[in-house]
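K.L.:
Residue strings, one per chain:
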Amino acid sequence: MSGTSAGGAEITYRDAVREALREVLQQDPRTFLMGEDVGRYGGCYAVSKGLLDEFGPERIRDTPLSEAGFVGAGIGAALGGMRPIVEVMTVNFSMLCLDQILNTAATIRHMSGGQFSVPLVIRMATGAGRQLAAQHSHSLENWYAHIPGIRVVAPATVTDARFMLRTALLDPDPVLIFEHVMLYNMTGSLDPAADPVDIDRAAVRRPGRDVTLITYGGSLWKTLVAATELAGQGIEAEVIDLRSLRPLDDATITASVRRTRRAVIVDEGWRSGSLAAEISARIVEQCFWSLDAPVGRVCSAEVPIPYPKHLEDAALPQTPAIVAAARSVVGR
Amino acid sequence: MGIFRMPSLGADMEAGTLVEWLKQPGDRVKRGDLIAVVETQKGAIEIEVFEPGTVAELLLPVGATVPVGTAMASIREDGAVAVAPAPDAAAMKEERPTAAATMPAPQLQVPPPPSQGIKASPAARKFAEEHDINLASVPGSGPDGAIVFVDVEAAWQRQGGAAATTAAARTGAKGDGAPVDGMRAAIAAAMARSKREIPHYYLGQTVDVTIAADWLAQRNADRKPEERAVFGALLLKAIGLSLKKYPEFNGSFADGRFAASAAIHLGMAIALRGGGLIAPAIHDAADLPLDQLMIRLRDLTNRVRAGRFRSSELADATITLTSLGERGVDWVQPIIYPPQVAIVGAGTPTVRPWIVDGVPVARQLCDLTLAADHRVSDGHRGALFLRAIEALLQNPEAL
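Going down the list, the protein sequences come from chains W and B.
FYI, the numbering used here numbers position 166 of the first sequence as 166, with every residue one higher than the one before it.
FYI, the numbering used here numbers position 232 of the second sequence as 232, with every residue one higher than the one before it.
Any given hint might turn out to be false.
Taking CB as the label site, the calculated pair distances span [unchecked claim]: (1) W:Val284 x B:Glu226: 50 to 56 Å; (2) W:Val204 x B:Gln157: 42 to 48 Å; (3) B:Gln157 x W:Ala231: 22 to 28 Å; (4) W:Arg209 x B:Met191: 47 to 53 Å; (5) B:Lys119 x W:Ala231: 51 to 57 Å; (6) B:Ser141 x W:Ala314: 31 to 37 Å; (7) W:Gly113 x B:Ala306: 39 to 45 Å; (8) B:Pro52 x W:Arg209: 54 to 60 Å; (9) W:Arg258 x B:Ala263: 50 to 56 Å; (10) W:Arg258 x B:Ser141: 18 to 24 Å; (11) W:Ala314 x B:Leu22: 58 to 64 Å.
Here are the simulated lysine to aspartate or glutamate pairs, DMTMM-like style, with alpha carbons at most 25 Å apart [said to hold, decoys possible]: (12) B:Lys119 x B:Glu130; (13) B:Lys30 x B:Glu77; (14) B:Lys126 x W:Glu285; (15) B:Lys119 x W:Asp250; (16) B:Lys119 x B:Glu20; (17) B:Lys30 x B:Glu390; (18) B:Lys119 x B:Glu77; (19) B:Lys30 x B:Asp284; (20) B:Lys30 x B:Asp316; (21) B:Lys126 x W:Asp250; (22) B:Lys23 x W:Asp210; (23) B:Lys119 x B:Glu57; (24) B:Lys244 x B:Asp291; (25) B:Lys224 x B:Asp291; (26) B:Lys126 x W:Asp313; (27) B:Lys126 x W:Asp210; (28) B:Lys245 x B:Glu390; (29) B:Lys245 x B:Asp299.
Keep in mind the hints are simulated off the structure, nothing from the lab.
C-beta: ideal position from N, C-alpha, C; glycine also.
When you get a sec, could you build the whole thing from the sequences and use the hints?
P.N.:
Printed below as a string of structure tokens:
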């Protein structure tokens, strides 16, 4: 897997996230990183390796295994004027702090009549593919994309991994950053010209005229491979990387679908009530009279993500399924 | 149960778009009532009912474009339901509750399902509607053979759509009738068919209309503008009366044979402000008193220019008059509107020198022409027909 774009230094996604953390920690004394195993262990995905030595235990803080506690502490710190970056090991564990995120972080601006804001960034790993079984592999970012009052982003490229954090910290409200576990080892070339990046808009990662493939995060690379395969079959697919899951960039999506008249959404979440379902509804609402085929979806099988490799692979959106879905809506 | 279907409003019509229902389920209708407005290439047309009854169900949604012959509404015949006996009364008479089981079940009125079996994408449907493409005639290349955008676009291009000027951005304004490009296509189809199929012959006669013009001027002098008659009305009346003696110019030619029409419905070619023209009929023109004829002519012209006319007016004409009177040309060599078999042309009446009793005098002259179908009539009869019109115009008070 490779997130290559023209020019720029080669860097892994993991290193890009670490560089982003180092940069903000160096530049803004109000920032600190807090989470399980982020300090001495260097992060369960080795993202924060070396940061404890560089910034010390005040700013790289290991926490107890208590998501509700340390996310709540992060909210308090943000209310108190800090710019905390809280790491939740995987989105599965974030169910323990869902109350803090939904009932506190997302609501305080509203319930205080705008007197308080929560400038908090929460980073979470998401997704499957590393055989971590059903309690560490789900893609629940859609649950957060449902909540007004927070912003949800999903960097899929090393450039977005490198630069989205700083933009997120500028936001006066909570921002959740979802990092797909299969991306950490990916190498790509960093595009310094992209700095600073916005966190509002979707990006067209590949132009095409026959069908729009809409995806984000870890599925982007499978989708780009599928687009290459489709090109070999004479179907030019446009690939949209959502980047922001809340708010959704309707303008980019509809402009593309109105042109191609066909859409397939690739989403590692479960199909029922998925982000793909929301995007599909918006396409039908806004592009109905431009459509040439029903909107297609490629989602995860509706099972707890299995442990065995072959079953895990079978449960997730894979390139052949994306190719098949695209061909089906194109009709050839 | 009668089924009301999308009528054919001309030989060249393949499909129509339902614009408005003028009746609702439960409404009583009689023959000739307006039931719907349908948009065709010729504009918005008010469609009439043929069978009396009660509207049972409307089978088409407004906006639907369907081929000619598609069921639009079901109409229950009067009394069809009333004959069903009331079960309660019958049961009481037999004094046995179980008797109800022997009662004939009331006939269930099951309307046919809407016959919209065409699988087409929203994008294809929208394009087809905007460009008057009949989806039934478009082969599909999409998923499961569905008709998709490019299929309709290709069909449109085959029909010469792209060439039909950039006016493809249809004006659409109901006010001036119809999309000009669609109308141009309809005229093209009808006139090409006429010239391809009908062996025209042409006759011309310069007619002294001084008496008629003087009589009209005198008659109009003490009338309000809206009550005045125009020369065209006189001409229509004269043509209508002449046709009674020359029925081979009044009717239609189809399937290799001529069918004379007992009724005389005079088509009147009317130019539209937005371009194009239309020739709707004045029904039974020969038997209308001149004043009535004038009222009908004025009403028809106004409605046509507003883009509203009735299906029967469009489909029923048995002969056409094209009068280029206002255009200031001496004569016109007209083209028959199929399946009609004759068309009369009239140039502008002008004052010209004319020999009367061996002396050149200034008279009001009008050049009448006749184009007729040689499969049906010959020049000899055509000449007599034109002469008959001429003779009637010499005695206008009798018209």
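K.L.:
So which hints don't hold here, by number, going up?
P.N.:
Hints 2, 4, 5, 7, 15, 17, 18, 22, 26 and 29 not satisfied by this model.
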